Amino acid sequence: MKSFEYTITDPVGIHARPAGVLVKEIKKYASTVTVNKGEKSVNALKLMALMGMGIKQGDTIRVDVEGADEENAAAEIEAFFKANL
Amino acid sequence: MITIQGKGVSTGVALGPLYFYQRAKNIVSRYEVTDTDAEWARFKAAQEKAIAELGELAEKARAEAGDEAAMLFETHQMMAEDLDYEESIQNAINENKLNAEAAVSDTAAQFAEMFASMDDAYFRARAADVKDVSGRILGILTGAVAGGVDSPVPVILAADDLAPSETVQLDKSKILGFITEGGSGSSHTAILARTMGIPAIIGVGDAMKPEMAGHEVIIDGSNGNILVDADEAARVKMLKKMEEQKKMQALLDELKGKPNVTKDGQSVRIYCNIGSPDDVQAVLKNDAGGVGLFRSEFLYLNCDDYPDEDYQFEAYKKALSDMGGREVVIRTLDIGADKQIAYFNLPKEENPALGNRALRICLNRPEIFHTQIRALYRASAFGKLSIMFPMVTSVWEVREAKKMCERVKKELHDEGIPFDNDVEVGIMIETPAAAIISDRLAKEVDFFSCGTNDLTQYTLACDRQNNDLGRFFNPHHPAVLRLLKTVCDNAHKNGIWVGICGELGADLALTETFLSIGIDELSVSPRSVLPLRQKVRETDVRVVREKVLADLMGDANNEI
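Listed in order, the protein sequences are those of chains A and B.
The first sequence lines up with residues 1 to 85 when you count with my numbering.
The second sequence lines up with residues 1 to 560 when you count with my numbering.
For the record, the hints were derived by calculation from the structure and aren't laboratory data.
As the structure is a prediction and not an experimental result, all values here were calculated from the model.
Worth double-checking, as some hints may not be accurate.
[Claimed, not checked] Simulated pairs of lysine-lysine, DSBU-like, Cα-Cα distance not exceeding 30 Å:
#1 B:K7 to A:K56
#2 B:K60 to A:K27
#3 B:K384 to A:K82
#4 B:K240 to B:K172
#5 A:K46 to B:K240
#6 B:K241 to B:K535
#7 A:K24 to B:K60
The whole structure should be built from the sequences, with the hints applied where relevant.
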């Protein structure tokens, strides 16, 4: 499993639009992607659950990537977060 | 006349008959099913159709309002096929033997409730998206027809709160403006209304009564005012405002894409002053050539502690990339005087305007300056950045500030972080000292930008915050204008450009003066761009120059 931490810089947090783009991005990979904030964690393919976490600007989340393509997937998903969130 | 106050979320004035949105009602029946597989198949078919319809809406929105609006419907598509959403519906059908309509309706209520109970206003507003998507699936299941506007003439549309899909499906030629009972500034109705340039007012509660239907209403999206059956005086006033707005639109249609060139071929760059990356939209909408003053203070004012490098970098990067390669002049931190920030812990001063402010703070506290300069240079890789230092009085200050730039460039180079090596570095000319030694300062920098509010305050010894000084605070004073001419001459002698980024830049009574002394750039608020372009295009500098310069430099004692 590969993990990385990221602090959200987008002023409205993981809102509908980027969450939608994120789900699209994650669908490209075979790995299972989990977003963790504090005690809570969700499968990042689940758009509404992801939005339901109410991740805001300044929140630090941990993203776990597990699966055959985890190496590459983790790097690209991290880049995606930096560019969009 | 009845006056109603709401919250304006999309500017503009509109006048027309009031019309209440006719919504198709989904009557959800509830019954027990025996063939759960068939019921699940019914849901899947409706879901598939909903997703296809949302795809069409996305394309319609893309054509009308751009990619951003289209993405909304693409997000709705994803909500319609969300795994948890689907699973909850499947459970309701399989476990509770519910019919598809009831299963969708219950699931929608449950997810909407989840969003509605969240702390953040933005996420609470997303409850409407869930309801909208579910309403579409329900409509397909029950065979209901879509709602809309059935009126031969254009109307002001009132509704409880329009769902995004409802907004997009409306026949726009029939809509003059929106009024909604609920909603928020980040609701999709507000966003779409702004993109389409239709005035919109939200949050009026139950003030719009059914008996008002068909009555004439006037809405003003800039202040949230709604007038029902306006009296003559109010009506005339609003019509005048509408007329001005039409003129502005006509100006835009006529002047968009045209160069800022005088009749005799002299050009001037017209840029905008902005205070946050969000203002870039207004800059582009008004067809400005760039940003001549981006006040970086908002980054500091919006935080409870010093904003770090990454946070600043993201904001600068956003503005630069949104401006798509057009020049963006970012002014470094300008606090002190009338702008105070608690966490800076600045001691209280007797004369803050003459105190520890702007570049002075940066030079005294290099760690703060270093963070900002690093963020700026990192962002320079994403567009055309220029950096400007405020509140300069001496050459040594500029040299010290430039040293910081050199230090940062070396650091980034050593760390392998990309940046633009050709970032222009300039200064504000806003003190008489800087104007008087502008010949020397010009040798240190790539450009000057004159801040006329402070330059007037310091030159005339008039506190700009003091309203009682009215007639003494005169930015047209020959002392101020002569200083501007000196600055201009010294800039050009040294081959650098000079602009004006104070309010004076938009003062059409001075446009001829600025063109005559050879100002290269005027940076004004976005809505002043086109009136200024019009003025420039009407001016013939050959005709006015001699008189302007005689007025300015001659010994005639007119009333000034």
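Each hint, compared with the structure:
The straight-line distance between the Cα atoms of K7 of chain B and K56 of chain A is roughly 25 Å, inside the 30 Å bound, and the hint therefore holds. In summary, the hint linking K60 of chain B to K27 of chain A is supported, as the alpha carbons are separated by about 26 Å, within the 30 Å threshold. A distance of roughly 21 Å separates the Cα atoms of K384 of chain B and K82 of chain A; the hinted pair therefore holds under the 30 Å criterion. For the given pair, K240 of chain B sits about 24 Å from K172 of chain B by alpha-carbon distance, which is consistent with the 30 Å threshold.
Between K46 of chain A and K240 of chain B the CA atoms are separated by roughly 52 Å; this puts the pair beyond 30 Å, and the hint is violated. A threshold of 30 Å between alpha carbons decides the hint, and for K241 of chain B with K535 of chain B the separation of about 21 Å falls inside it, so the pair holds. Simply put, K24 of chain A and K60 of chain B have alpha-carbon atoms about 21 Å apart, close enough for the 30 Å limit, and the pair holds.
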